[in-house]
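J.: These protein sequence lines map, in sequence, to chains A and Y. 1 is the number of the first residue of the first sequence in UniProt numbering; add one for each residue after it. 1 is the number of the first residue of the second sequence in UniProt numbering; add one for each residue after it.
Hints may contain errors.
Stated by the list, open to error - Computed footprint of chain A on chain Y; a stretch qualifies when at least three of its residues, placed anywhere within it, have a C-beta under 8 angstroms from a C-beta of chain A:
# : stretch
1 : 56-66
2 : 214-226
3 : 233-241
4 : 284-291
5 : 325-335
6 : 393-399
Said to hold, decoys possible - Sample of chain A residues at the chain Y side, in silico, Cβ under 8 angstroms:
#  : residue
7  : L143
8  : Q144
9  : Q147
10 : A264
11 : Q266
12 : E288
13 : N310
14 : F316
15 : T323
16 : G406
17 : G407
I should point out that these hints are in silico values taken from the structure, not numbers from a laboratory. Given the structure is predicted, the values throughout are model-derived calculations rather than measurements. Heads up, the beta-carbon is just placed ideally off N, CA and C, and yes, glycines get one too.
2 protein chains.
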Amino acid sequence: MERPARIPDGVRAHLERLGEQAVHELIDFLRIPSVSALSEHRDDVRRAAEWVARRMQRAGIEHVEVLPTPLHPVVVGDWLHAPAGRPTVLVYGHFDTQPADPVELWTRPPFEPWVEGDRIYARGASDDKGNMMVPILAAQAWLQGGQGLPVNVRFIFEGQEEVGSPHLAEFVAGRRDRLACDLVVSADGGQFSEERPSLTLGTRGLCAVQIDVKGPARDLHSGTYGGTVQNPIHALVELLASMRAPDGHVLVEGFYDRVEPLSAEQRRYMAMVPHDDGAYRQAIGVRELFGEPGYSTLERQGARPTLEINGIWGGFTGEGVKTVLPSEAHAKLTCRLVKDQDPVEIQRRIEAHVERHAPRGVEVRVRRMEGLARPYAMPVDHWGNRAASDVLQEVYGREPLLLWSGGTVPLYDIFLRELGTYTVTFAFGLPDEPVHAPDEFFRISSLRRGMVAWARLFERLAHAP
Amino acid sequence: MERPARIPDGVRAHLERLGEQAVHELIDFLRIPSVSALSEHRDDVRRAAEWVARRMQRAGIEHVEVLPTPLHPVVVGDWLHAPAGRPTVLVYGHFDTQPADPVELWTRPPFEPWVEGDRIYARGASDDKGNMMVPILAAQAWLQGGQGLPVNVRFIFEGQEEVGSPHLAEFVAGRRDRLACDLVVSADGGQFSEERPSLTLGTRGLCAVQIDVKGPARDLHSGTYGGTVQNPIHALVELLASMRAPDGHVLVEGFYDRVEPLSAEQRRYMAMVPHDDGAYRQAIGVRELFGEPGYSTLERQGARPTLEINGIWGGFTGEGVKTVLPSEAHAKLTCRLVKDQDPVEIQRRIEAHVERHAPRGVEVRVRRMEGLARPYAMPVDHWGNRAASDVLQEVYGREPLLLWSGGTVPLYDIFLRELGTYTVTFAFGLPDEPVHAPDEFFRISSLRRGMVAWARLFERLAHAP
């Protein structure tokens, strides 16, 4: 398991050759404004899908198809001629981009790529067009410079990741045979820094509710009626305050039932991640950090669940004073979930809490909102992680950091549920590349380092499980 | 003290004659659209002032003057020839009106008065043009039908009551000699019902604050940052929840320091007022009433202080879900005050509470808002009340109810502070007359009954103090 991945000389030569052409190809790819959120770019997303399909075919990937979904298309393909007994890897990436707004803050037009030194600038350069090209190029090097790929490889590139992959679960569920694999490797994401590689082992789940408090049938005058009827805003703030202790611990009954204590192993890995509370505090612009006692900032961010009020409104919010006792008040909440917390069960827990703690004199309703996602966590010692870790160690000369992200990536859970496989994150974006912001760029050096890493990963996975 | 007020026959005859003309005069007065809130009616307010001044002169009132303020004028006048030792009464009313919006809901144009049976319809009919004419007519009856008024009378009619009497305190403070009196009698307000008279003995005070909670320098992603920094909305709801117990009792330290327990006498009077919790509940549209335990609805409404959140806002309030950890959150609060509570002291108490209970990890600021008003309470056994009570008993054949209003009427406190005199409310509007709403009307019978009552009151007050 610990031996270095060996890459044949022919593959190595092709990696170099392809790496030189790749910049021009990526620039061509980046010219397509495949903004999935904007309907006027629907044809552009389709053009990007076709660009990807053609590029895959040129790489020697077989059965390439552009398949429809109710929104944007998905591109699939495979190469399944590895020696008997070798695992099958499903490579994931996306060819759609975020909108370019605010366009006026870009140095140059966001879909007219430009190169400065090591950097290729354009919307989508890092997220995810640069990154998703890498495994195609690495596969091509094996297919043209060696004797085929050392593992079976399938590909799935979607065109709607930036709008939340709304049809991915349905798509995957409907094509389990075509996508069956032993491991998913995602080419969407990045490394901790140029010097320090990383693997993301978990993401938090999500559920959302809206709480609506209804009091009197109409807004009342607070002089004439104040003191005689419950004020919906008071009822709401009491209810919300009952859900979280002042130290940040969530008080919704049963909220932590499926949350195990952090393992000593995970805490050790999290403690290895370079992090400076002072710098973090300054970047956010707060005097002090805050959260559940007994956990470090990174633990609270990546491995502990939260209940967060995202919005609140009710009554008079204009200038000056209005002595109104309002008819209603509302709040929006989301929870970030970890371990075995189930988003629907947590919505139910909130409903039960609200029922138990509902203030007198008002009607309180909990609305379950869309956008559920289960938390995701891959075992640290999973063979896919071990393989990826070995390769990163070889390529960077340092052991990768293990990260647990506070955010939510629905596709990991989709692949786990629908295909029964975990997802290894293997991508080469870097934190200073402004994804979702003006002047997004990707590094040419990352593109080339990524190609070598992917080529090695294919070889390493051949002997992994 | 208990003898009936005697009105000379000549005065009685004049009351009858003047009462017959009064309807036509009031219609003339109501044609002037003296809307104080709208600058395009500035000249109309002035015309109304001049109408009042002429009418006072015709009544025999002396030293009538239209005096300027920075906004709308005030009309003053007096008749100070009562026998030596008689008290001086200051009569208050206002000749401005609310805007007529929504005009389309009126049966006829709001400034083209019309009569139907006992009712004169027009904007301002009840509030306060009909009511404020009554003491002028009653004074005229004494001046022309008797041997002068039995008391010294001064008059102050303002043109900006409907915009909150913004210059009244300054005006009164600058003319203390001209307005000096032993008692103010206000011709603005009404009676409990056509059958049951009433006197309002108190109004609640008011103070307002805005609470601003500032967290991170910008809105943050709740996945990436949730769990590591204080959420300003959570901080705000905790802080607000700390200010009021779930049963409605205010928890701001020192809030009740200057609030004495309700006297047995006041509770007895409040219990006499016909009130049906069920009907009240239905009118408001709530399943149950709510408020401090141990007090009746009318006690909580009129004689207990409140702290009320009038508005709250922060974060995302649109459709759907946005996983934002917002940068700030805000709330607007007003307190209704009773007894010796001082509005500025209560603002300070709230500031101190906020300082003591400020949640960690955010900056909290309390902004003092304008619109302060002290609570007002006239002693039940004040000679002015006893006189008014005796007259109402004679005129209605029933003892008046004593009322404590939950609302705020700044002018009572202004007269108390600046002139050292309490205000007796002596007006004849009725609760079904839609003041501040379409199809406002005043009853011709109220106009005439009011004239008799005012005429008797002048006589009764001559022997009162």
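J.: Hold the hint about A/Q144 up to the distance rule: shortest CB distance to chain Y must be less than 8 angstroms.
T.: Interface hint status for A/Q144: violated (40 angstroms vs cutoff 8 angstroms).
J.: Closer than 8 angstroms, Cβ to Cβ, for at least three residues: run that test on the stretch 393-399 of chain Y against chain A and report holds or violated.
T.: Per the Cβ count (0), the hint is violated.
J.: Does A/Q147 hold up as a contact with chain Y if the rule is Cβ-Cβ below 8 angstroms?
T.: violated, 44 angstroms
J.: With a cut-off of 8 angstroms between beta carbons, are at least three residues of the stretch 233-241 of chain Y near chain A?
T.: holds (count 7)
J.: Mind checking the CB of A/N310 against every CB in chain Y and telling me if the closest is under 8 angstroms?
T.: holds, 5 angstroms
J.: Mind checking the CB of A/T323 against every CB in chain Y and telling me if the closest is under 8 angstroms?
T.: Interface hint status for A/T323: holds (5 angstroms vs cutoff 8 angstroms).
J.: Quick check on the hint: A/G407 CB to chain Y CB, less than 8 angstroms?
T.: With a minimum Cβ separation of about 3 angstroms from chain Y (threshold 8 angstroms), the hint on A/G407 holds.
J.: Given a cut of 8 angstroms on the nearest C-beta pair, is the interface hint for A/A264 held or broken against chain Y?
T.: The hint is violated - A/A264 has no Cβ within 8 angstroms of chain Y, the shortest such distance being about 20 angstroms.
J.: Return the status of the interface hint for A/L143: holds when the least beta-carbon distance to chain Y is below 8 angstroms, violated otherwise.
T.: This hint is violated: A/L143 lies away from chain Y, its Cβ roughly 38 angstroms from the closest one there, beyond 8 angstroms.
J.: Between the stretch 56-66 of chain Y and chain A, see if three or more residues pass the 8 angstroms beta-carbon test, and mark the coverage as holds or violated.
T.: violated (count 0)
J.: Checking hints one by one. Is A/F316 an interface residue toward chain Y, by the C-beta closer than 8 angstroms rule?
T.: holds, 4 angstroms
J.: Quick one, is the A/G406 hint okay against chain Y at 8 angstroms, beta carbons?
T.: holds, 5 angstroms
When held up to the earlier numbered hints, the structure conflicts with 1, 6, 7, 8, 9, 10 and 11 and fits the remainder.
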